[in-house]
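Sequences are here, hints too, so could you generate the full structure?
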Amino acid sequence: MNRIECLETIYDDLADCAVVTIMGAVAAELYSLGHRPNFFYLEHAMGLASSMGLGIALAQPSRKVVVIDGDGSVLMNLGGLTTLARYAPANLTHIVFDNESLLSVGGFPTATSTGSDLAAIARGAGIQDAKLVTEVTEFSDEARAAIRDDRLSCIVAKVDAVGPKTFHMDVHLLENRFEFARALRPDPDAR
Amino acid sequence: MPVSERNSKVVYEALKGGGVGLVSALPETWLVHLIRMAEDDPSMILVRLAKEEEGVGVSMGAHLAGMRSAMLMQNHGLFAAVNGIVSGAMLYRIPLLMLVSDRGHLGERDPWQTEGGRYTRRVLDALGIVRDDLVEPESVGVKVDKAMTLAQSSLLPVALLLSRDLMWEEPAS
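Chains A and B, in that order, are what the protein sequence lines are. The letter at position 143 of the first sequence is residue 143 when you use the working numbering, and the numbering goes up by one with no holes. The letter at position 57 of the second sequence is residue 57 when you use the working numbering, and the numbering goes up by one with no holes.
Don't read these hints as lab results, they were simulated from the structure.
So the derived list for chain B, only partly shown, Cβ under 8 Å to chain A, looks like this:
#1 45
#2 67
#3 93
All of these numbers come straight from a predicted model, not from anything done at the bench. Even glycine gets a Cβ: it sits at the ideal position worked out from N, Cα and C.
Written out as structure tokens, the structure reads:
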């Protein structure tokens, strides 16, 4: 299973969500499907994408938030899973692409390559709805349901350690930051 | 416990006055009243963290979603959060109000706090983070307000050090 195939299956479902991705292959692949103002690519601060998602989800409980994370980043902030579980925002979906590798820096194996089970860790942290998926249709069904439903979900998707042809993204991180904040402003017509 | 509840209230009211709607915190002795006040306040979102660096991410998300926030932490928590502050809040120009208990400074009796206390100001200064001390309760309100104003206009972290004189009441002997 490739990450880009998975992303393609949920791309339409992300249209109205606040989406926070980690840097590297995840950001570049989502960007390659078509950038939107409601996509934020956290180009550094490894590990904090899920914490950012929590902050957005708590500040705007009526907005769906989707965090697209990776095994290396989650491993840098395992404590953050316990914080997510503690507040369990129903509007947050945490997708973790686990390629057992720090692919973007040369493919060094992470601890998930030697048996660490992120779905089990998430469940152990207290996230009740944490699943491991290995097939694209399974990912698509679980992720789309998680985005649609009102519950905190964590979906760990085992994917091959392959990345995009290019990491180039024609959006500066500050441009992305200001555009994203603007996209998250409440719609005055909706009040 | 001789942590000043009265002055904690002064600090808490100052945060409310600054429009703070979310505080993230990791407990330490000097912060117990402040955290309880946030917990008891239905109009405040309290995020109890496992490690302080998470709080930088939470504040980044809250800011981008239009909510003012503050972090409550010990100086050692500041040290633990440095990468998030630099490659999150500063890289992305996020206003970040940090209230940092100034452990290990003058009057510290706990030996384990004294090493970190020698670096609190130097770490903030090395990062170019504007800082001030909260000492007199009378000036807390205006300093918190000005710190929030600067954080919002500069889109950068600002640190206020919670001093022993403000947070600690020596028991009458």
